[in-house]
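With the hints as your guide, set chain Y onto chain W.
Just so you know, the protein sequences line up as chains W and Y, in that order.
According to my numbering, the first sequence is numbered sequentially starting from 117.
According to my numbering, the second sequence is numbered sequentially starting from 43.
Source of the hints: derived by calculation from the structure; they are not laboratory data.
Keep in mind the model is a prediction, meaning the values are calculated, not measured.
Among the clues, some could well be false.
In silico DSSO-like cross-links for lysine-lysine, where the CA-CA straight-line distance does not exceed 30 Å [unchecked claim]:
{"#": "1", "chain 1": "W", "residue 1": "K203", "chain 2": "W", "residue 2": "K183"}
{"#": "2", "chain 1": "W", "residue 1": "K183", "chain 2": "W", "residue 2": "K233"}
{"#": "3", "chain 1": "W", "residue 1": "K203", "chain 2": "Y", "residue 2": "K91"}
{"#": "4", "chain 1": "W", "residue 1": "K233", "chain 2": "W", "residue 2": "K120"}
{"#": "5", "chain 1": "W", "residue 1": "K183", "chain 2": "Y", "residue 2": "K91"}
{"#": "6", "chain 1": "W", "residue 1": "K132", "chain 2": "W", "residue 2": "K120"}
Cβ-Cβ distance ranges computed for the label pairs, FRET-style [stated by the list, open to error]:
{"#": "7", "chain 1": "Y", "residue 1": "E67", "chain 2": "W", "residue 2": "S204", "range": "28 to 38 Å"}
{"#": "8", "chain 1": "Y", "residue 1": "S147", "chain 2": "W", "residue 2": "A157", "range": "23 to 33 Å"}
{"#": "9", "chain 1": "W", "residue 1": "A157", "chain 2": "Y", "residue 2": "E65", "range": "40 to 50 Å"}
{"#": "10", "chain 1": "W", "residue 1": "Q211", "chain 2": "Y", "residue 2": "G156", "range": "35 to 45 Å"}
{"#": "11", "chain 1": "Y", "residue 1": "E67", "chain 2": "W", "residue 2": "G189", "range": "47 to 57 Å"}
{"#": "12", "chain 1": "Y", "residue 1": "E65", "chain 2": "W", "residue 2": "V206", "range": "25 to 35 Å"}
{"#": "13", "chain 1": "W", "residue 1": "A229", "chain 2": "Y", "residue 2": "T69", "range": "28 to 38 Å"}
{"#": "14", "chain 1": "Y", "residue 1": "D160", "chain 2": "W", "residue 2": "L238", "range": "42 to 52 Å"}
C-beta atoms are modelled at their ideal positions from N, C-alpha and C, and glycine is treated no differently.
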Amino acid sequence: MSAKVLVADDSGTMRKIIIRSLNAVGIKDIVEAADGTEAVALFQQQPFDMVLTDWNMPGLTGLEVLKAIRAAGSTVPVMLVTTEGEKSRVLEAVQAGVSDYLTKPFETDALRAKLEKFLGALAGA
Amino acid sequence: MLVAQSALIDIARSICSSMLGAEIEETCGSPADSSRRLTGYVHITGGSKCAVLLEATEEFVNQAASALLGTPAAEMTQRDRLDCIAELTNMFGGNLKSILPAPSSLSLPSVIVGNRDDVLIAHSSPVADASLIGFGQGFHVRVVAETSDQHAPREMRCAVAVG
Chain W
117 MSAKVLVADD SGTMRKIIIR SLNAVGIKDI VEAADGTEAV ALFQQQPFDM
167 VLTDWNMPGL TGLEVLKAIR AAGSTVPVML VTTEGEKSRV LEAVQAGVSD
217 YLTKPFETDA LRAKLEKFLG ALAGA
Chain Y
43 MLVAQSALID IARSICSSML GAEIEETCGS PADSSRRLTG YVHITGGSKC
93 AVLLEATEEF VNQAASALLG TPAAEMTQRD RLDCIAELTN MFGGNLKSIL
143 PAPSSLSLPS VIVGNRDDVL IAHSSPVADA SLIGFGQGFH VRVVAETSDQ
193 HAPREMRCAV AVG
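Isolated chain W, as found in the complex (with noise of 0.2 Å):
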């Protein structure tokens, strides 16, 4: 399964976490962006199957990301990697058109769960 995929967080840290997760499913084609707005720079210049993004960033934060790759018209999946837990901030997030949501601290599990149901759905589509 071939896709590629935009992680956007301004710790380098989460980044490394998540692209060790993405490896781990099998996604090698991985963008990295330190902050919102280089996120939603990098996704006006290429296509991507799926967008991975922080809530507190510098600049734009993930939900203003969310907000403009919607407002562009795009389905991509996007979820988001946050530590915005509180039932107002997901409910804000599915609004704004997010297709998943996970709150940190997380399992490495959980998060290559998801991915795994992403790919599964990408290959079903």
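Coordinates of chain Y only, in the frame set by chain W:
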């Protein structure tokens, strides 16, 4: 503002267990050694106004970074350690925010090389502290909040005081 020490310990246990694969235990106060320490902090603003500080020995952070990155501890760089404690502090802040009055916002984390007393947050004082041990190393979580009366005895302003 009331923050229970048990809430800090629960958050610490959840983060250390799921992200670091480490068990933690409570201890009374930080050990008085000369180990170099790193301290991360984030501010919560809005419905709740406070700051969360995470102080840890450099060795704890080194072990934590190694666990997070799946790379040997000997290969960790100072950048890895600073980024690691920033992310752990972010998780502490985010998880604490979720149990405080909403709506509130979380700042981006900052990190200093030094201990928690080196971080001066004006017009604030500690409202909760938890001293813990993980990887055989000490770390400490503190919540400071704005106080209406800076001259009030500390025990009247603190939900919990440890050590």
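Results of checking the hints against the structure:
With a C-alpha separation of about 19 Å, the suggested pairing of K203 (chain W) with K183 (chain W) holds against the 30 Å cut-off. About 23 Å separates the Cα atoms of K183 (chain W) and K233 (chain W), which keeps this hinted pair within 30 Å; it holds. For a cut-off of 30 Å, the pair hint linking K203 (chain W) to K91 (chain Y) stands: about 20 Å separates their Cα positions. Note on K233 (chain W) and K120 (chain W): the hinted pairing holds, with a Cα-Cα distance of about 15 Å set against a maximum of 30 Å.
Simply put, K183 (chain W) and K91 (chain Y) have alpha-carbon atoms about 28 Å apart, close enough for the 30 Å limit, and the pair holds. Between K132 (chain W) and K120 (chain W), the direct Cα distance comes to roughly 16 Å. Compliance with the 30 Å bound is thereby established for this hinted pair. At roughly 34 Å, the beta carbons of E67 (chain Y) and S204 (chain W) sit within the given window of 28 to 38 Å. With their beta carbons about 24 Å apart, S147 (chain Y) and A157 (chain W) fall inside the hinted range of 23 to 33 Å.
Separated by about 42 Å at the C-beta atoms, A157 (chain W) and E65 (chain Y) satisfy the suggested range of 40 to 50 Å. One distance hint, 35 to 45 Å for the beta-carbon pair Q211 (chain W) and G156 (chain Y), holds here, with the actual separation near 42 Å. For E67 (chain Y) paired with G189 (chain W), a C-beta distance near 52 Å keeps the hint of 47 to 57 Å intact. Separated by about 29 Å at the C-beta atoms, E65 (chain Y) and V206 (chain W) satisfy the suggested range of 25 to 35 Å.
Checking the proposed 28 to 38 Å range against A229 (chain W) and T69 (chain Y) shows it holds: the Cβ atoms sit about 35 Å from each other. The given range of 42 to 52 Å is respected by D160 (chain Y) and L238 (chain W), whose C-beta atoms sit roughly 49 Å from each other.
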